Amino acid sequence: MEASAGGGCGAGPPLLLSDGEQQCYSELFARCAGTVSGGPGSGPPEAARVAPGTTTTAAAGPVADLFRASQLPSETLHQITELCGAKRAGYFGPTQFYVALKLIAAAQSGLPVRTESIKCELPLPRFVMSKSDGERRIGNPAELLGTKVQIPYLTTEKNSFKRMDDEDKQQETQSPTMSPLASPPSSPPHYQRVSLSHGYSKLRSSTEQMHPAPYEARQPLGQSEGPSSGGPGSKPLRRQASLIRSFSVERELQDNSSNYLDEPWRITEEQREYYVNQFRSLQPDPSSFISGSVAKNFFTKSKLSIPELSYIWELSDADCDGALTLPEFCAAFHLIVARKNGYPLPEGLPPTLQPEYLQAAFPKPKWECALFDSYSESMSANQQPRDLNRMEKTSVKDMADFPAPTQDVTGDDKQALKSTGNEALSKDVSEDPATAKDCTSLKARPRSRSYSSTSIEEAMKRGEDPPTPPPRPQKTHSRAASLDLNKVFQPSVPAVNSGLLPPPPALPPRPYPSQSEPVSEGDLHPQLNRAPSQAAESSPAKKDAPHAQPPSKPIRRKFRPENQSTENQEPSTGGTASAATVKPHPTVHKQSSKQKKAIQTAIRKNKEANAVLARLNSELQQQLKEVHQERIALENQLEQLRPVTVL
Amino acid sequence: MAMCIVVIAKENYPLYIRSTPTEYTLKFYYMVHTSLDVVDEISAMGKALVYQRELYLGLFYPTEDYKVYGYMTSSKVKFVMVVDSSNTALIFQKLHNSYTDVMCNPFYNPGDRIQSRAFDNTVTLMMIQVC
Chain A
26 MEASAGGGCG AGPPLLLSDG EQQCYSELFA RCAGTVSGGP GSGPPEAARV APGTTTTAAA
86 GPVADLFRAS QLPSETLHQI TELCGAKRAG YFGPTQFYVA LKLIAAAQSG LPVRTESIKC
146 ELPLPRFVMS KSDGERRIGN PAELLGTKVQ IPYLTTEKNS FKRMDDEDKQ QETQSPTMSP
206 LASPPSSPPH YQRVSLSHGY SKLRSSTEQM HPAPYEARQP LGQSEGPSSG GPGSKPLRRQ
266 ASLIRSFSVE RELQDNSSNY LDEPWRITEE QREYYVNQFR SLQPDPSSFI SGSVAKNFFT
326 KSKLSIPELS YIWELSDADC DGALTLPEFC AAFHLIVARK NGYPLPEGLP PTLQPEYLQA
386 AFPKPKWECA LFDSYSESMS ANQQPRDLNR MEKTSVKDMA DFPAPTQDVT GDDKQALKST
446 GNEALSKDVS EDPATAKDCT SLKARPRSRS YSSTSIEEAM KRGEDPPTPP PRPQKTHSRA
506 ASLDLNKVFQ PSVPAVNSGL LPPPPALPPR PYPSQSEPVS EGDLHPQLNR APSQAAESSP
566 AKKDAPHAQP PSKPIRRKFR PENQSTENQE PSTGGTASAA TVKPHPTVHK QSSKQKKAIQ
626 TAIRKNKEAN AVLARLNSEL QQQLKEVHQE RIALENQLEQ LRPVTVL
Chain B
230 MAMCIVVIAK ENYPLYIRST PTEYTLKFYY MVHTSLDVVD EISAMGKALV YQRELYLGLF
290 YPTEDYKVYG YMTSSKVKFV MVVDSSNTAL IFQKLHNSYT DVMCNPFYNP GDRIQSRAFD
350 NTVTLMMIQV C
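Going down the list, the sequences are from chains A and B. Per my numbering, residue 26 is the first one in the first sequence, and the count goes up by one each step. Per my numbering, residue 230 is the first one in the second sequence, and the count goes up by one each step.
Be aware that a few hints might be false.
Calculated cross-link-like contacts (lysine-lysine; reagent style BS3-like; alpha-carbon spacing at most 27 Å) [said to hold, decoys possible]:
| id | chain 1 | residue 1 | chain 2 | residue 2 |
| --- | --- | --- | --- | --- |
| 1 | A | K321 | B | K305 |
| 2 | A | K321 | B | K239 |
| 3 | B | K323 | B | K296 |
Think of the hints as simulated: they come from the structure by calculation, not from any bench. As the structure is a computational prediction, the values presented were derived from the model and not from experiment.
Generate the whole structure from the sequences, applying the supplied hints.
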């Protein structure tokens with residue numbers, strides 16, 4: 026790898042660094058560089074000068090974090106990345122990194138992001154960790170651990186945790202693609218892990234109270250790690266690294282609310298749970314797969330461009346069958362989230378996202394699901410306030426929040442989790458009643474609504490809706506059925522609900538207890554009343570008959586309207602209806618079957634309600650008629666008064 | 230070694246064009262375009278359109294020893310290949326497989342240009358292999 030200043034820059038000018046800059050940059054680089062370079066062990070500025078020949082590359086993850094910590098807009102950062110040649114080279118070599126740092130400094134000084142900018146003397150780039158790298162004010166944890174750190178702790182922990190996993194996995198940098206984050210050696214993991222647990226517990230509490238805890242934890246740990254790492258230089262480095270990560274993660278949090286998407290294309294527990302949740306929302310059976318169109322709709326909500334989505338699909342659908350199994354889905358989702366957070370897509374599917382790996386690492390979607398179900402409401406309330414930005418980010422973030430508690434409990438187990446998968450997973454899930462998970466599920470649902478398109482949410486809501494409609498029509502149509510008959514009998518009245526006439530006859534047979542009674546009884550009452558001659562005999566009979574033979578009601582009703590067309594018009598319909606209610610009662614008692622009694626009770630109630638409504642309706646219709654008449658009269662007057670100037 | 234692979238849609242516009250060496254590209258395009266007529270001619274004859282169809286034109290130009298092969302899928306997507314070797318059946322099979330993988334991607338709309346990297350890789354592999 027070319028270490029020559031000019032070579033790596035591609036089009037850039039020779040890179041002239043002052044001593045201070047050299048020191049600063051090399052430290053930063055060493056921090057960002059992975060295990061390839063031996064980590065911060067070689068951190069000390071001298072060694073980190075990155076002599077030529079060292080094939081050190083800074084993993085894109087920490088570099089990205091660092092850049093984001095510089096508080097420059099992402100657009101600028103992209104420009105810088107391009108300019109420094111990392112994009113072209115596909116990795117951050119020392120030269121690219123240094124150029125990038127210089128560009129960051131230039132940007133922060135307000136200079137345009139150009140290669141010319143770095144020719145001049147620039148202050149050192151500043152990174153948001155409340156201490157500038159340049160000044161190297163290392164010895165001040167207090168400064169570092171400001172409120173700003175609190176939130177990042179949560180995410181930091183995750184990131185650092187993930188990094189730890191990577192170290193454990195000893196992932197070597199994969200050539201041009203983003204290598205899994207190679208973080209400093211073992212000692213940071215200790216403290217990181219501990220603070221991780223703190224961070225997670227903090228997450229769970231979702232209060233600020235916990236903040237001091239990790240804060241304090243971090244301090245002593247930070248100090249302790251120094252000696253353990255074996256060098257004063259490395260201590261600040263590591264702390265900075267973690268802090269940088271925390272800040273960058275914080276930025277991520279603020280920007281994208283995704284915190285785990287760090288370099289290593291590794292899916293953490295919470296991510297996994299979230300993905301599984303989403304999978305289940307699309308496809309209830311975790312062992313089945315999601316069809317292409319369903320997945321397409323779902324992923325399109327992420328607002329990524331179609332080519333990118335197409336590429337992500339290509340990467341994740343390993344068997345190219347046009348459908349996504351659970352691990353494939355998780356991989357795809359992970360890639361999408363990564364992309365949304367600004368990580369360029371890898372050339373090939375990272376090993377940690379391979380379906381086999383995912384299946385091995387997270388083999389228990391089923392009982393996650395079970396846990397989801399069991400833990401429904403508990404965390405949702407908690408999660409509500411933690412509303413972050415948007416879409417899956419927010420939901421992902423929430424999801425990240427939820428599992429925090431679990432990881433808090435199994436902080437150390439996390440280490441084992443990655444390697445063992447199962448047991449850690451079981452511990453996680455079992456120990457921490459997946460309030461998290463369910464919150465995830467619940468949260469995910471409302472979250473996904475934020476996808477701003479008809480989502481599975483709405484589908485699910487719609488799924489819940491169908492049961493309700495039947496009652497609703499009852500309020501209007503079912504009772505109005507009888508009223509409709511009234512309207513039918515009143516041809517003068519515009520029969521708005523005349524269309525209901527056909528339906529009512531059909532209703533009684535089926536929803537007998539609900540709709541049929543009001544409908545049929547309502548009809549029957551007026552019918553019976555209006556046909557007193559027949560009512561005497563037929564009413565009891567009909568009363569019995571309806572109870573006994575619901576299907577016959579419509580028939581009877583049909584008869585009735587014909588006979589009672591005129592009689593129905595009267596407003597006394599209500600009165601008659603109410604009177605009619607009295608008649609059925611004696612007949613009801615005659616019924617011996619309990620079912621009939623129950624039904625009749627219901628019928629009675631419906632009748633009463635129906636009667637009230639019928640009365641109301643008749644009154645309103647009378648008013649309507651009167652108004653019509655008035656209107657007609659007025660129109661006549663108008664015609665008379667209007668000068669005859671036709672045409 | 231000269232070689233060109235073109236994927237042509239049903240409506241006879243190209244979905245994917247790749248050729249090596251690049252200086253022959255234009256010439257290849259022309260060859261492929263003219264070969265489309267032959268494809269249509271043969272498909273009109275109605276023989277075994279479903280399976281592999283080889284369209285052997287033989288020496289098109291006496292000065293250059295390459296052959297144009299054609300292959301039509303059941304959805305009337307044609308693969309036309311300009312090669313100077315003759316293990317075309319296998320190549321077409323691979324192409325077809327790769328193409329179906331592209332089609333499996335729900336984000337791919339039939340009729341779009343093929344931008345799948347996997348497909349690119351397959352084609353590259355074949356070009357390298359043959360060449």
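*For the pair supplied as a hint, K323 of chain B and K296 of chain B, is the alpha-carbon distance within the 27 Å limit?*
Distance of about 19 Å is within 27 Å: holds.
*Compare the distance between the alpha carbons of K321 of chain A and K239 of chain B with 27 Å, and conclude whether the hinted pair is satisfied.*
The given pair, whose Cα atoms are some 24 Å apart, holds under the 27 Å limit.
_Given hint K305 of chain B paired with K321 of chain A - CA-CA distance at most 27 Å_ = holds, 25 Å
The earlier numbered hints are all upheld by this structure, with none contradicted.
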